[in-house]
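Q: The listed protein sequences correspond, in order, to chains A and B.
Numbers 86 to 389, taken from the numbering used here, label the letters of the first sequence in order.
Numbers 31 to 355, taken from the numbering used here, label the letters of the second sequence in order.
It should be emphasised that the hints constitute simulated quantities derived from the structure, not laboratory data.
Just so you know, even glycine gets a beta-carbon here, dropped at the ideal spot from N, CA and C.
A portion of the hints provided could be inaccurate.
[Unchecked claim] One-sided excerpt, in silico: chain A residues whose CB lies under 10 Å from chain B:
1) F125
2) L126
3) V201
4) R223
5) S242
6) A244
7) G328
8) M350
9) W354
10) F372
[Claimed, not checked] For each label pair, taking beta carbons as the anchor points, the in silico distance ranges come out as:
11) V125(B) to W281(A): 52 to 62 Å
12) G215(A) to S216(B): 56 to 66 Å
13) K61(B) to P300(A): 28 to 38 Å
14) L220(B) to P161(A): 50 to 60 Å
15) V131(A) to L217(B): 42 to 52 Å
16) V125(B) to G154(A): 53 to 63 Å
17) V131(A) to G168(B): 24 to 34 Å
18) R155(A) to G163(B): 50 to 60 Å
19) L34(B) to F229(A): 18 to 28 Å
20) K61(B) to L272(A): 30 to 40 Å
21) L167(A) to V125(B): 45 to 55 Å
22) N32(B) to S247(A): 48 to 58 Å
23) F146(A) to A303(B): 25 to 35 Å
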Amino acid sequence: MTPAHTVAERGGTGRRGVLGTIGHTLRVIMRYPTGAFGLFLLALVVIVALIGPLISPYGPFDVVQTAQGRIARLVPPSSVALLGTTNQGNDVLSQLLYGTRVALMVGVISAIGSVVLGTLIGLVSGYFGGKVDEAIMRFTDVAFGIPFLPFALIVISVAGPSLPLVILLVTLFLWRTTSRVIRAQVLTLKTRPFVWAARAAGASEWRILFVHIAPNVLPLSFLYMAIGVQGGVMLEAALSFLGFGDPNVVSWGSMLNQSFRAGAMRSAWWWVIPPGVALSLFVISVFMVTRAYEELLNPRLRET
Amino acid sequence: MNNLRLYLLRRLALLLFVTAAVLTILFVMFKLLPGNPLSVFIDSNFSEEMIRRQKQLWGLDDPLWLQYVRYMWNMLTFNFGTSFFQMTPVRDIVVEKLLHTGAMIVPAVVLSVVLGTLLGSWLGWRRGSRQEGAVVIGLLALRSVPSFFVGIIVLMVFSYNLGWFPPGGMVSIGGHGDSFLGTILSLDFLYHLVLPCLVLMTREITSPALLLRSTMLEVKGSDFLDILRAKGLPERRIVMHATRNALLPLVTDVAVMMGFLFQGQVLLEIIFAWPGVGRELVTALNDLDYPVAQACFFVMALIILMFNFVADVLYAFIDPRVALS
Chain A
86 MTPAHTVAER
96 GGTGRRGVLG
106 TIGHTLRVIM
116 RYPTGAFGLF
126 LLALVVIVAL
136 IGPLISPYGP
146 FDVVQTAQGR
156 IARLVPPSSV
166 ALLGTTNQGN
176 DVLSQLLYGT
186 RVALMVGVIS
196 AIGSVVLGTL
206 IGLVSGYFGG
216 KVDEAIMRFT
226 DVAFGIPFLP
236 FALIVISVAG
246 PSLPLVILLV
256 TLFLWRTTSR
266 VIRAQVLTLK
276 TRPFVWAARA
286 AGASEWRILF
296 VHIAPNVLPL
306 SFLYMAIGVQ
316 GGVMLEAALS
326 FLGFGDPNVV
336 SWGSMLNQSF
346 RAGAMRSAWW
356 WVIPPGVALS
366 LFVISVFMVT
376 RAYEELLNPR
386 LRET
Chain B
31 MNNLRLYLLR
41 RLALLLFVTA
51 AVLTILFVMF
61 KLLPGNPLSV
71 FIDSNFSEEM
81 IRRQKQLWGL
91 DDPLWLQYVR
101 YMWNMLTFNF
111 GTSFFQMTPV
121 RDIVVEKLLH
131 TGAMIVPAVV
141 LSVVLGTLLG
151 SWLGWRRGSR
161 QEGAVVIGLL
171 ALRSVPSFFV
181 GIIVLMVFSY
191 NLGWFPPGGM
201 VSIGGHGDSF
211 LGTILSLDFL
221 YHLVLPCLVL
231 MTREITSPAL
241 LLRSTMLEVK
251 GSDFLDILRA
261 KGLPERRIVM
271 HATRNALLPL
281 VTDVAVMMGF
291 LFQGQVLLEI
301 IFAWPGVGRE
311 LVTALNDLDY
321 PVAQACFFVM
331 ALIILMFNFV
341 ADVLYAFIDP
351 RVALS
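Chain A on its own, in the form it takes in the complex (with noise of 0.2 Å):
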């Protein structure tokens, strides 16, 4: 995949300023449809992840009661608890707003920091070449061969679950990919005219690498963080589901888990569908986003 033209052949990002690429960006995105759904979507998961707890009627692990004061354990959708109880008689939907918050926590802090770490990889790797990227690729081999799922359960039950362990963990899963297309994207990058035209005038290596190609790597970067979001929030939820999420914070993948225990495939849908549902549209909205952002890199996939 390549860019349509680079930043430099553009005439640089200086001149739009940052804020005016990311508005420029999501006016581009927002002329697709999906791109548009995806965006609100998007949103619309964000406001609820920053004032989730404002608006949620009870806390994640509060016992909702009936009125004649008994703990209402498994009651379907009312006016007490609007999207039903737990087998615990947590309220539902208090727990899907505070999920949220944590879906999107370890989606964007471990989506950025595999992103730097990518990037970083890919761009001494390519650069430099020779030794120096050889000793990189057959770390990031080696990495590729670990597979993640059953590496992250071994070492969750070794090291005790908690979410930075999680955070930690998909970070580590996460940068492989981003490294190795970033690293494809500068061996292009670095035989251009323009890096040739930085070193006839002095540039040192350092400089050439990090302010004459990483900017023409960075709309690649952020393809690939959002696609580390959507990475993410899947990789925590798949974790908690197994049982080995943090025990103490309450996510959608740790709200299906306690569901799929209990049994209530069999006896409390409402239990079952809003985690799943919510995990499912947070992570088609990302998706959507991603491809039209993917789209306005690549024009080439419009035509094919």
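Fit chain B to the given chain A structure using the hints.
A: Showing chain B alone in chain A's frame:
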């Protein structure tokens, strides 16, 4: 040919290197375990002397390098020791579970590839139509929905509500055949296979379909098709010719897919209570049955590496230019 041989050797060396590295990481991970791996065996009534004897028995007081060498040798010769709980050789357990996992994955991959190929070649040929756009978006959206949630929904609908299919497991209770072959050829097994296979397919059909669609677009423009057309072949025959040429990249894709599925199906095995290697890993970790957990992880990693190797090799044969670069 010389180039090809060199390429294959390099790939083989890489396979060995990565396998050794993954094994070493696994060793370090289990060494970092807090407490004693024997804690399962030792309770508070044991005297110091008994604990020391146990450690000696399991070779835990040998120098670290000796433990490492012994571990590497045992793993590479598939000598995984004895399960802490089932008291049977771990190798037997792992082989059985791998077969079970394969029994779910192989049919799903075969069906996905066949149906995906047909769908993809149709999509490529109908390029630009309204249906084509809708199907592509649908496929991509379907792939991004987490498959374990798809599995849960499918179970809720087709098993719990409609009662058409069993709610999980590989065979009915008491319905075990005499042999693995006897089991997978039984109707009972097929009945249990339908739902997990369907869920896997919703995900796996995307990649062959999209791959074939894009290669079809390339092939569609090639000259040999014009020649076939000039010969007066009907359009249907021409599509077949084009498909055959578009199939090549699919071969490597399938190898990668197989390898990936051997680790990716963990969630589905849990949901469908399928007694495969992923479910065994989760159970072993919950039971602190470390020899089993270790072996499960190792065979999953090994299978992925092997399939990637196969993909590289096949690719070099299909497209000799790869070996040259």
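Q: Give a verdict on every hint.
A: Evaluation of the provided hints:
1. F125: This interface hint is violated because 16 Å lies over the 10 Å limit.
2. L126: violated, 12 Å
3. V201: V201(A) check fails; min Cβ-Cβ to chain B is 23 Å, beyond 10 Å.
4. R223: Where the cut-off is 10 Å and the nearest Cβ of chain B is about 7 Å from R223(A), the hint holds.
5. S242: holds, 4 Å
6. A244: At about 8 Å, which falls below the 10 Å cut-off, the nearest Cβ of chain B leaves the hint on A244(A) intact, so it holds.
7. G328: Constraint on G328(A) satisfied, holds at 8 Å.
8. M350: With a closest approach of 5 Å, the M350(A) hint holds.
9. W354: holds, 7 Å
10. F372: holds, 4 Å
11. V125(B) to W281(A): 52 to 62 Å: Since the Cβ atoms of V125(B) and W281(A) sit about 58 Å apart, the hinted range of 52 to 62 Å holds.
12. G215(A) to S216(B): 56 to 66 Å: With a Cβ separation near 58 Å, G215(A) and S216(B) satisfy 56 to 66 Å, so the hint holds.
13. K61(B) to P300(A): 28 to 38 Å: Violated, since K61(B) and P300(A) (Cβ atoms, about 44 Å apart) do not stay within the stated range.
14. L220(B) to P161(A): 50 to 60 Å: violated, 36 Å
15. V131(A) to L217(B): 42 to 52 Å: Holds, since V131(A) and L217(B) (Cβ atoms, about 50 Å apart) stay within the stated range.
16. V125(B) to G154(A): 53 to 63 Å: holds, 57 Å
17. V131(A) to G168(B): 24 to 34 Å: holds, 26 Å
18. R155(A) to G163(B): 50 to 60 Å: 54 Å Cβ-Cβ, so the 50 to 60 Å window holds.
19. L34(B) to F229(A): 18 to 28 Å: Cβ of L34(B) to Cβ of F229(A): about 23 Å, so the range 18 to 28 Å holds.
20. K61(B) to L272(A): 30 to 40 Å: holds, 38 Å
21. L167(A) to V125(B): 45 to 55 Å: holds, 50 Å
22. N32(B) to S247(A): 48 to 58 Å: For S247(A) against N32(B), whose Cβ atoms are near 53 Å apart, the range 48 to 58 Å holds.
23. F146(A) to A303(B): 25 to 35 Å: With Cβ atoms ~29 Å apart, the hint holds.
In this structure, the earlier hints numbered 1, 2, 3, 13, 14 are contradicted, and the remaining ones agree with it.
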